[in-house]
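K.L.:
Starting from the known structure of chain A, arrange chain B on it as the hints suggest.
There are 2 protein chains.
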Amino acid sequence: MNQEFSFTLHKKQGQARRGTVHTLHGDIRTPAFMPVGTVGTVKGLYMDQVKGTGADIILGNTYHLMLRPGAEQVAKFGGLHKFIGWHGPILTDSGGFQIMSLSKIRKIKETGATFQSHIDGRKFELTPERAMEIQRLLGSDIQMQLDQCIQFPHTEQEAEKAMQLSLRWAARSREAFGKQPGRGNFGIVQGGTNEKLRLASAEGLKQIGFEGYAVGGLAVGEGQPLMLSTLDFTTPALPEDRPRYLMGVGTPEDLLESVARGIDMIDCVLPTRSGRHGQAFTRFGRINLRNAKHAEDMRPLDAEHSCPALSQYSRAYLHHLMKAGELLGMMLLSWANIAYYQSLMQGIRDAIDAGTFEDFRAATHEQWQRGDTA
Amino acid sequence: MNQEFSFTLHKKQGQARRGTVHTLHGDIRTPAFMPVGTVGTVKGLYMDQVKGTGADIILGNTYHLMLRPGAEQVAKFGGLHKFIGWHGPILTDSGGFQIMSLSKIRKIKETGATFQSHIDGRKFELTPERAMEIQRLLGSDIQMQLDQCIQFPHTEQEAEKAMQLSLRWAARSREAFGKQPGRGNFGIVQGGTNEKLRLASAEGLKQIGFEGYAVGGLAVGEGQPLMLSTLDFTTPALPEDRPRYLMGVGTPEDLLESVARGIDMIDCVLPTRSGRHGQAFTRFGRINLRNAKHAEDMRPLDAEHSCPALSQYSRAYLHHLMKAGELLGMMLLSWANIAYYQSLMQGIRDAIDAGTFEDFRAATHEQWQRGDTA
Chain A
183 MNQEFSFTLH KKQGQARRGT VHTLHGDIRT PAFMPVGTVG TVKGLYMDQV
233 KGTGADIILG NTYHLMLRPG AEQVAKFGGL HKFIGWHGPI LTDSGGFQIM
283 SLSKIRKIKE TGATFQSHID GRKFELTPER AMEIQRLLGS DIQMQLDQCI
333 QFPHTEQEAE KAMQLSLRWA ARSREAFGKQ PGRGNFGIVQ GGTNEKLRLA
383 SAEGLKQIGF EGYAVGGLAV GEGQPLMLST LDFTTPALPE DRPRYLMGVG
433 TPEDLLESVA RGIDMIDCVL PTRSGRHGQA FTRFGRINLR NAKHAEDMRP
483 LDAEHSCPAL SQYSRAYLHH LMKAGELLGM MLLSWANIAY YQSLMQGIRD
533 AIDAGTFEDF RAATHEQWQR GDTA
Chain B
183 MNQEFSFTLH KKQGQARRGT VHTLHGDIRT PAFMPVGTVG TVKGLYMDQV
233 KGTGADIILG NTYHLMLRPG AEQVAKFGGL HKFIGWHGPI LTDSGGFQIM
283 SLSKIRKIKE TGATFQSHID GRKFELTPER AMEIQRLLGS DIQMQLDQCI
333 QFPHTEQEAE KAMQLSLRWA ARSREAFGKQ PGRGNFGIVQ GGTNEKLRLA
383 SAEGLKQIGF EGYAVGGLAV GEGQPLMLST LDFTTPALPE DRPRYLMGVG
433 TPEDLLESVA RGIDMIDCVL PTRSGRHGQA FTRFGRINLR NAKHAEDMRP
483 LDAEHSCPAL SQYSRAYLHH LMKAGELLGM MLLSWANIAY YQSLMQGIRD
533 AIDAGTFEDF RAATHEQWQR GDTA
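In the order they appear, the protein sequences are chains A and B.
Take the first sequence: its position 161, counted from the start at 1, is 343 in the numbering used here, and no numbers get skipped.
Take the second sequence: its position 317, counted from the start at 1, is 499 in the numbering used here, and no numbers get skipped.
Each hint should be verified, as a subset may be incorrect.
Copies of the same chain are indistinguishable here, so a pair counts whether it falls within one copy or spans any two.
[Said to hold, decoys possible] Simulated crosslink set (DMTMM-like; lysine to aspartate or glutamate; CA at most 20 Å straight-line):
no.	residue 1	residue 2
1	Lys264	Glu478
2	Lys233	Asp209
3	Lys264	Glu422
4	Lys258	Glu478
5	Lys475	Glu254
6	Lys264	Glu315
7	Lys286	Glu307
8	Lys343	Glu385
9	Lys194	Glu422
10	Lys233	Asp423
11	Lys305	Glu404
12	Lys505	Asp302
13	Lys505	Glu254
14	Lys264	Asp479
15	Lys289	Glu311
16	Lys343	Glu439
17	Lys378	Glu338
To be clear, the hints were calculated from the coordinates, so they are not data collected in a lab.
This is chain A alone, in the form it adopts within the complex:
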């Protein structure tokens, strides 16, 4: 494949968009959910299972991979795709979020961020230029600018300061990205939940010009209503002809409602993290398999689903595995959740194609609320 990085918008219904992102390692059908492979594995799944659920693209993380095994080392291995055995597109986050959430003793300066590794306390510096160099060494198909993330709640002044710094880092990231045929560089809109700041951020990024635009700094504690209202005024400010990526979100409800607000790509650790803790996301809503009420329920999570994790294992067995702390319980529920997320996205794509997105959205909410247990 030698194609240019590009985005084709096939159809719109309301704000919801149906498209295709073209990359060096293949196409991404949007709206897309991207499973997270932080350190080079989607936790608990084999890559052929990830592919089998319908995922076109997975994530890797600059912060984690620079610490271990190291970007230069991954390059020596022939790049991240080869090292981890995933041959489709890979998006790598720039590390900004993890510097906020994971590292110890971090210091943000104009030049970049210095921080101590959460693994062994070693000191690292991450500048916009180094973040882009790492992602180039990893060989990722979509490379994110370095940004400054801030915790919620924050003052308007803090949000503005971080947004402005992120904009300056965006320009430097863009410069450092250079030209990489088939690969794309995304800018990240910041500005908290403040409309004026978000619009200024979007405007600044558009002036720099990116292959795609991400909405960052959400799902950091502000709650779903504030997150969605922020999307309401942010996505219309983004270019129609570029993919829009909502970072680190969320529940199936969040996915559906973000798509309804014009989001094309989305990633989250929630399906695998929740799976490891015994929670399944299904057509029928959330099911906590640790709950004793499932102990004698011989029904699978969803008899009609094509994924074996959803259709071939009883809730009683899943309950037993989770109570016994067995790896297989974590494996099955992680797989089941990724499979459900992907089938939700397929349902969304089909509905937009068919012009029935609003019906699909209502029916999906209704079924989640109805559930299938007493």
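P.N.:
What follows is chain B alone, placed relative to chain A:
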């Protein structure tokens, strides 16, 4: 399948035997390694992976399953095969070993054992009759007598007392087993490392009469030389026309050397437990993937093996996964180890069939020692 439980001895070379055990749920090619599925899962593997490695039979455990989810509950689910999704033969241990090794405040009386659960301290009683009832409720194909296991080292008097009690429990277990077409009941030879006691135990069991005979109470700390010398005098005392099962052993070396001493069936948690801790067993000997020397080694564990876990993942990636504490590392190494154990057994069976077992034995030891790393 409605066949009777039986054993066909196809060929002998020295003490090594090639045979087939016929059960209600299918045939077991011997010598056989039986992966351990203590609580209803071979830790870290999908059942189709277990099957794919060439395993004909897996183990379940009376002690664990009586505590959770409970034998009556498993029976309500339609039996263990259905509950866990394994459709081949299942052997269940009687719980004697776990009462020694896991339970709190145990008390052994003539009638049976009383103990407290290692999970929640609940009190249980396990008599020979109840151990057999539980295994019948589970629906296992090979049901073990209840025995009394003792720690190593022990006095001859302790070993004799436990052996004699185990013999009386053997008679009661046999009585309780009754008639179960297609299913077999195995007696367990005890007696520590003492020849006189082992021979008396074997003689007593033969007088009761079982479908198969197990050698218990080994691999409890006595070391390989003493274990093998115990087999040297124990297996010749067992009936030629019944399968012989060495319980809870061991390394690939132990497997090969036990087969050379007339053992037909063997089980151990070692391949999965070691896999979870980063150790691989291969044709080239043991490889500790946590060791830094593998960090840049892009070779798979064994490029020529049919199991993807051995042939499709680099040692560098496995090292990375283990250092990062990732589930996939544990999954892959557990799978790789079970696959290697099964291919070793296939090699053993082929060699006995071909009359080349001694050559195979020598070449295998030689390759383990040679290794393939500096």
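K.L.:
Up to 20 Å between alpha-carbons, please classify Lys233 paired with Asp209: within, between, both or neither.
P.N.:
For Lys233 and Asp209, only the intra-copy Cα distance (13 Å) is at most 20 Å; the inter-copy one is 35 Å.
K.L.:
Is it within, between, both, or neither for Lys505 and Glu254, if the alpha carbons may be no more than 20 Å apart?
P.N.:
For Lys505 and Glu254, only the inter-copy Cα distance (18 Å) is at most 20 Å; the intra-copy one is 42 Å.
K.L.:
Is it within, between, both, or neither for Lys286 and Glu307, if the alpha carbons may be no more than 20 Å apart?
P.N.:
within (13 Å within a copy, 52 Å between copies)
K.L.:
Checking Lys505 and Asp302: alpha-carbon separation at most 20 Å within a copy, between copies, both or neither?
P.N.:
For Lys505 and Asp302, the Cα distance is within 20 Å only across copies (12 Å; inside one copy 32 Å).
K.L.:
Regarding Lys343 and Glu439, is the shortest C-alpha distance of 20 Å or less found within a copy, between copies, in both, or in neither?
P.N.:
neither (29 Å within a copy, 71 Å between copies)
K.L.:
Are the CA atoms of Lys264 and Glu315 at most 20 Å apart within a copy, between copies, both, or neither?
P.N.:
within (18 Å within a copy, 53 Å between copies)
K.L.:
At 20 Å max between alpha carbons, let me know whether Lys343 reaches Glu385 within a copy, between copies, both or neither.
P.N.:
within (16 Å within a copy, 86 Å between copies)
K.L.:
Within a copy, between copies, both or neither: where do Lys305 and Glu404 come within 20 Å Cα-Cα?
P.N.:
Neither: 31 Å inside a chain and 49 Å across chains, both beyond 20 Å.
K.L.:
Using 20 Å as the alpha-carbon threshold, which applies to Lys264 and Glu422: within, between, both, or neither?
P.N.:
neither (34 Å within a copy, 53 Å between copies)
K.L.:
Is it within, between, both, or neither for Lys378 and Glu338, if the alpha carbons may be no more than 20 Å apart?
P.N.:
within (10 Å within a copy, 86 Å between copies)
K.L.:
Give the relationship of Lys475 and Glu254 under a CA distance limit of 20 Å: within one copy only, between copies only, both, or neither.
P.N.:
between (50 Å within a copy, 17 Å between copies)
K.L.:
Indicate which option fits the pair Lys289, Glu311 if close means a Cα-Cα distance not exceeding 20 Å: within, between, both or neither.
P.N.:
Answer is within; shortest intra-copy Cα gap is 17 Å, inter-copy 68 Å.
Hints 3, 10, 11 and 16 from the list above are not met by this structure, while the remaining hints are.
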